[in-house]
Amino acid sequence: MNRAELESVIRSIDPASGEHAGQDVRRRVLAETMEASHRPARRRPAGPLVAVTVFGVLVAIVLVPSLMVDRTPTTRPASNIPGAILDVPTGTVPGVRGAALDGDRLWVMSSRDEILYEITIDGGEVIEHAIGDYAEGVTVFGGAVWLGGYNPAQIIRIVPGAGFLDRDEITRIPLPGPPAGGTVVGNEFWVAAGGSLVRIGADGTVLNTTASPLEEVVAELGAVWGTESGGSVVMLDSGTGEVTNRFDLGLDPTRVVASSRALWVNDRTSNSVVAILPTTGQVITRVEVGGKPHSMALVGNRLWVSVFDTGTLVEIDPSTGEILRRVAMGGGPGVFAAGDLLGVSFHRSARVALIDPGRPLLELPSGPVNDQLVELPSGRAVRVRCLGTGRPTVLLEAEFGEGVNSWSTVQAMLGARQRVCATERSGMWGAEGFPPAPSAEEAVTDLRLALIEAGEPGPYLLVGHGVGGWVSRAFAAAHPSEVAGMVLVDPQPDDFLDRFAQVAPEDWVRGLASSLTETNDNTRLRTDSANPGQVPVVILGHDPQRSPWHGAFDGFEEVEAIWQEGLAAMAELLGAELTTVEGAGRFIQYDQPGVIVGRVSAMSTLTATVPSTPAGSCSAADLDPTVVPQDLPEPVAAMRQAIVEAATECDFSRLAELGGDVRYSFGGGNDPAGFWREIEAAGPKPLPLESMVELLALPFGTVRAGDITYYVWPRAFAYDSWASVPAEDRQALTVLYDASDQEGFAQFGAYIGYRVGITADGTWAYFVDGD
Amino acid sequence: MTPQHVAHEVATMDEMRAVVHGDDEAAFRRLFEQHLDAVHRYCRRRARPDDADDAVAEVFLIVWRRRHEVGSSADLPWLYATARRVLANQRRSLVRRMRLTDRLAREPVTVGRQQEPDDDIRDALTRLTERDREVIRLSLWEDLAPAEIGQVLGCSAKAASMRLSRALDRLSQRLSPQEISR
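Protein chains in written order, with our numbering: chain A, 36 to 806; chain B, 14 to 195.
Be aware that one or more of the hints could be misleading.
[As the list claims (entries may be wrong)] Here are the in silico distance ranges between beta carbons for each label pair:
(1) A/Leu256 with B/Arg98: 50 to 56 Å
(2) A/Gly57 with B/Lys171: 34 to 40 Å
(3) B/Arg98 with A/Glu277: 48 to 54 Å
Keep in mind that the hints were calculated from the coordinates and are not lab data. Glycine included, every Cβ here is placed at the ideal spot set by N, Cα and C.
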């Protein structure tokens, strides 16, 4: 057989010759890819977040050989973080501890699942590198990614894809103690660890180890700086590593960054960041940041400080020491500079984000924050952190192991419209060192005493996350008259741990048993409180697709099912509405804070004993709320009715909630309810709410735009030209627009007055006027 | 340990911000209509039907995600190269998860079927290294010219020619003696 014959036979055995892709493949490809460009309009965030929906909506987790990964492409919901250019979930296990941007690649260490994520910032592709050890901190240097490992103490150096068959080449460099800080100095990587300064070459060989009490080591302003455990800031010789200058400041610093003329160090004892002169150590400025300063980053000409225990970021002008913004960033943020963007790694959540500081961010409401630790006669203590005005007061009760920082986003959003108190039970975070309450009932007693002491009266709307839900439930059961409603955020089902122990692998059960000591919240706070006072309750559950047990062990699906069944049983016990929050993991307050805020404000409106807006304060107050039925699809009719009710009740919050991202020609803002108030106060005559109610009483028309059918009021808007609008419609419009107004429409050529549009699926699409 | 970072160029930041509102979808659909069958056949030749479908979907997802950087360079060889990586990743995960059972299922089963003359060549093909097999398939099944093969495999046209020639030599050597002499 010659070569030509051989080739011809090979061609003839082509198993796919002449084959065409089936319809199912076509449909699948189109559906999956078009999902990226055609998200439903109401879910596409406006303005600042468009970039996120365009870049990397679809995250395919691509396998590299050393990985244990689910490579199913998943759809990433749009970011809920204002100002985010990129917002990537890193698996389902919280605990991002360190990230660095290197060119177009973001390297993120997720410590609890021991995976280093490699994220391409343009395509949103996520590659997982299994590290196999708990590690923190990420430095990119010499073609490798460097991590600090703790058990055992080591530096882990990864050269991605450099090993056999494109595997990662991983070098483990033992350290004399846990790494406290590390930096690149010339061609070396310097690590402060276990009372030593260890200098490592770019290839991973240890060059030198010297005794040194360093905690942090940083190369800045052409020198190497460190902090020492005694509270000093030191300057090191970049050749020998010896201390050449020592400033004894009496601070408790762990971090150092340099602005153009000063060194900034954090001081955890005074909740401040401090600027010192690098030459003399003289303190230039001290800025109080409202909590323990964690990490710092210089981006542009601004110093960003993450305050771990309040879940906020503080933006400081380093030249004046002035605080420019306080930004809520739920999830225990760490910050890092990423070019001209601010990188945020979420320690308490499973995500990393790049924020454009030039965009509007979620700022804390102005006004004083009542943040205090109330010590009680029992010897226990409760931390209360409250802000905002308006009834009822929302009480945010955190999950086991969490604190007020868990709620910073929700608190900032809700705080724009009502009083919100995040609390920490005795023994937690700010109340650390105080004995925990022995039961949910006693935790409730503590809480009520602390609220009275702190001057935060009821009525309360309770929000409880995880085991915090037990405290909320015990509160509602014991004091229903003080409780306006309750939103349980992925609350721990009563019998979950018992059932978990029946199905989980043996080592997990053993681990669980050893953790369930007397002091564990799961042991102490468990309650089977029902709802004797018939308090309105909503339960929000996590999305099973983001199960916290995902991949943790074989059969995790069964554990997930037990959780979901537990939520259903609880809903039945409490007479609650149960909703699964799509795309949200266990920390719904990070993944979908808007859902919690929406439910709380709806419930507040429903049950508010003191309305947040005095009755009669809007133009629609005196109008008849009765809606005359029209021949509309059910969802459209329901939305029409809801809008009229909210408007005639002057319920701005409800309007904001109904509207979602409804388009206005008036502008926009971060505070939709406030915005409604504002347009009503400042809006052109006839006033907006009055006009809206009157419009919705007129005959409707329909307008098609692409695939979407809009039901529009008035019908005049459905006509292409004013000339074709029938006389009866012109007549009907006279309630809003007199003859001279209508003359204006005639001149323009079409109706350009107020109009309301609702899509066929009941989404309120717009309320606008003008052209 | 503090999150550190090296100084870096962030030229891509502006690109990230420059949200492209162009006619992405139409361009993507054109590319999709033009090449779907070819990519599908490519995957079918190398994987079981279900895996092939998964791979096809993933290839076009990648195209969509990278449409701004790929632009007009997303031609057929580029798509094949992408499919090749996707299939490789897929195989690795399958091997990890299913190991032996998977491999057994993947090998062509000829039991119960009469041995046909082509089977010798089929068998000889399976006994070649993946590298040799791939260059032969690209040439004779995908019908690519050496330069295009080079694009897929990441080598020059000349190297691709040489690889193809050597692979065919090795295939000939592995055919049973009577097959060669025929």
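Worksheet item: Against which earlier hints does the structure fall short, listed by number upward?
Response: Going through the list in order, the structure violates hint 1 alone and respects the others.
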